[in-house]
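Undergrad: Chains as they are written, first to last, in my numbering: chain V, 1 to 512; chain U, 513 to 1024.
One should not assume that every hint holds.
Stated by the list, open to error - Calculated pairs, SDA-like style, for lysine to any residue (alpha carbon to alpha carbon, straight line, at most 20 angstroms):
no.: 1; chain 1: V; residue 1: K458; chain 2: U; residue 2: P550
no.: 2; chain 1: V; residue 1: K458; chain 2: U; residue 2: R553
no.: 3; chain 1: V; residue 1: K105; chain 2: U; residue 2: S796
no.: 4; chain 1: V; residue 1: K105; chain 2: U; residue 2: Y762
no.: 5; chain 1: V; residue 1: K458; chain 2: U; residue 2: V1023
Keep in mind that the hints were calculated from the coordinates and are not lab data. Since the model is a prediction, treat every value here as computed from it, not as a measurement.
Protein chains: 2
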Amino acid sequence: MNGAEAALRTLAGGGVDVCFANPGTSEMHAVAALDAVPAMRGVLGLFEGVVTGAADGYGRMAGRPAATLLHLGPGFGNGIANLHNAGKARTGIVNLVGDHAGPHKGLDAPLESDIDGIVGSVSGWVRTPRRAEDVGPAVAAAVAAASGSPAEIATVILRADAAWSEGGSEAVVHTPAPPRQVDGERIEAIAKRIARGDRVGFLLGGGALTEPGLAAAGRLVAGGAPYFMETFPARVARGAGRVAIERLGYFAEQATEQLAGVEVLVLADAADPVSFFAYPGRPSRLAPVGCDVVALSRPGDDAEAALETLADLVAPGTTPDVAPFDPPARPTGALDAVTIAAAIGATLPEGAIVSDEAVTSGAFCAPLTANAAPHDWLALTGGAIGDGLPVAVGAAVARSDRRVLALEADGSAMYTIQALWTMARESLDVTVVLFSNHRYAILELEMDRVGAAGEHPKARSLLSLDNPPIDAVALARGFGVPAERAADAAHLADLLERSYATAGPTLIDVVL
Amino acid sequence: MNGAEAALRTLAGGGVDVCFANPGTSEMHAVAALDAVPAMRGVLGLFEGVVTGAADGYGRMAGRPAATLLHLGPGFGNGIANLHNAGKARTGIVNLVGDHAGPHKGLDAPLESDIDGIVGSVSGWVRTPRRAEDVGPAVAAAVAAASGSPAEIATVILRADAAWSEGGSEAVVHTPAPPRQVDGERIEAIAKRIARGDRVGFLLGGGALTEPGLAAAGRLVAGGAPYFMETFPARVARGAGRVAIERLGYFAEQATEQLAGVEVLVLADAADPVSFFAYPGRPSRLAPVGCDVVALSRPGDDAEAALETLADLVAPGTTPDVAPFDPPARPTGALDAVTIAAAIGATLPEGAIVSDEAVTSGAFCAPLTANAAPHDWLALTGGAIGDGLPVAVGAAVARSDRRVLALEADGSAMYTIQALWTMARESLDVTVVLFSNHRYAILELEMDRVGAAGEHPKARSLLSLDNPPIDAVALARGFGVPAERAADAAHLADLLERSYATAGPTLIDVVL
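Isolated chain V, as found in the complex (with noise of 0.2 angstroms):
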């Protein structure tokens, strides 16, 4: 067999069997070796950007690692924004990179790029196997770093002549070691800074935000420490029957008000808390001046064994509150950000994913959804904007049984906005929510915060986005999928649950 051959079928024994891409000629033998691997799906994107968006959102969703399947140099660099954000969110990722031939290497044929850097921006792991018979212990290799705890950005620079060559074989992919245990004593020190009387709070992130996770952390506060999780989380388990868990405000000076008081801050599985971007004359550094911060786990560790065994220890035989089942009324009336929340609120079905990159627009969703039935809620990570309908499409593709719903903000759709054809090529089960305010809202904010505020006509009109005003419901049409325009709330909640009803995609216009 050759060596693209090998490749997926080492990836498909490896049980990564779905492949996102956005091949080209470079590649062509690697899109040929699909028809030999039956097991292998390929899932096309029409940009790069939704091809490593969804491996994150597929990611997330199936708890083991998809591959992409990119077109050199520049069509990796199509999708570093959301590969940096798969990295944030710590997701595994097998990405399968063609390159020139070694002997076309050097002749600075047009498509000739510097592949390393591109690709070593973004990957926690690389490697470039020269011929057929390297190429799957290679991808072996990079499949277990994906799947390792913590995981990786894996990638392997599949050169054309490696891809062609016969010499390839299937390659045994080892079982990657489980999370690492956290120390005892570790714990122990936690528990004795409790014990004290110690201000204690709690920041959670990563694989600490599970249902056993929120469970055990839910069991520790009981006593009203405060507790949070990291603003912009992988992954959530949220809703009725789970602990609540408030998220840190994006904002600094929300964040400081949170955090004021606390003595220790315990991560679990979440960074030092920083500001999202710096701003002239604040400290980046959120927790108070003097304040103990102390991991109870790190990435890659066990996040929910340590909170169990500390809360064991802290809180033993006792069970946590849980949100109660109480969804917000079904809205009237005009629409609005609150009565659009209290809409998704009221309507949304059990099992859930919520990909979430409604900015400013959803500022009342997670409140409003708090106490809805159970779900999960994936955020934006690394703040590249353009994950939110790529993820969606990742997750369905993830989770045939559950319905997508992605909340999407106007301006962040535009950047990944390819992703709409995917989810009608494959017929997937997801709502998209599109909040049209026609600008950049969360610029408008940040402009007067960064200390630039004033009289600004030109910049002004730089954050705006009704000029001519973008039609969400004729792109949407345009890429075949069904869409329609809210009217008011009870229309928007009629809409939302007619689309769960239906199997395959739709789109909601709400007009702000």
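Given the structure of chain V, go ahead and fit chain U onto it with the hints provided.
TA: Just chain U, lined up with the frame of chain V:
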């Protein structure tokens, strides 16, 4: 003034007065500074690939660089593909990419990235001023690098604190050195090869494809010597009154046949020709075995002057044959690759700028415009798909006195379809002909050519765009661009003429 204002004043003072932008929070001071620098025009793109591709198109037509404004490492990542194309076109561009404030670096905030790695992969010149005082000089040096011979992709990483701090000042941009003159001995040596009767061929690229450069080439080859242009020129003068030049074929076997029998291949600002991709068992280099490949001029040299000097030596006092004005007749009948091209050739307005990313569907467009009204033709230089519409944007901004015609394949259009919105926002005189064949036809061809032929239903499906078919008219209208679908060839000619007579953009969908 703060560093951001110093950056914009330095740009404008150096003749860089257009900034294509997709900014975020870290660039808000640069956005605000637009109002302090009235000479600077800010042009918003909804996606960074639009921004960088527009800067490429602008540079190709204005002959001086545009600036871009991009949002940290991931935003720059989204612009890499079209910066790759710009680099291959040797278009000078000044990128301003925001980054976190210095003290915020190293805190692993969500948007922290390997910005040096991302930026360095496609920039020929990079600087990171740390203080407001350093910004003006850094930007001045970037403008000089982007205006030099050869021109560079020059990137200034503008940290937020360098942008917002006071202490900046406008720096003077030093006039770049003119293109180097080619050594007379080099030219004479080539003249001798011609005089002694060697079979000399010419390959022209880059700065040799101007009207004067082609005129000199036409004098040189009057005796029948073969001469070609590189396959994907950044810009070539074509049509009535210009010396016609055949392009070197895309497929290696075409090019090999074109160059057969050449004993000396003279390169005028072109690279030693190699095939676009490697194919199993075939050589990458295209010149005949044993052929001497000799550079008359290299990038950064004055290619026009070198060709003129050589022509004066070889063919003194001659004038070249130029293409007559003899456009094809207005076609009738069904739409196919030939009738579409005939409609374009029959109606092409004088001075049109053609941005060509029509790939397979546009095969007849170049031959059927060879005797149309004089025009410039801009090709996809680097093979990174998705530059056709953005380049059209930039060309239209650079030359508002001329009509831009974008010949765009549907698959290619989908990488940067957001460019349509900027055309509408800026009321750019762009006519887009969208070739909707609903497939990646080039990849269907290439799949067979790389030896991956055979029955591959899964693979073939991954090259198909017809499930669902993309409705380009709906997409255009969604982005605010008037759009029509051509019913037949006569209707297409009518729609083209109507678009040329109407200010602002139009998209014409042509279903093949």
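Undergrad: Check the hint pairing K458 (chain V) with P550 (chain U) against an upper bound of 20 angstroms on the C-alpha distance.
TA: Judged against 20 angstroms, a Cα distance of about 9 angstroms means the pair holds.
Undergrad: Between K458 (chain V) and R553 (chain U), does the CA-CA distance stay at or below 20 angstroms?
TA: 9 angstroms, holds
Undergrad: Are the Cα atoms of K105 (chain V) and Y762 (chain U) separated by 20 angstroms or less?
TA: Given pair K105 (chain V), Y762 (chain U) holds - Cα atoms ~18 angstroms apart, limit 20 angstroms.
Undergrad: Does the structure keep K458 (chain V) and V1023 (chain U) at a Cα separation of 20 angstroms or less?
TA: 40 angstroms, violated
Undergrad: Check whether the Cα positions of K105 (chain V) and S796 (chain U) lie no farther apart than 20 angstroms.
TA: Roughly 10 angstroms separates the two Cα atoms, so the pair holds.
Hint check: a violation occurs at hint 5 only; the rest are consistent with the structure.
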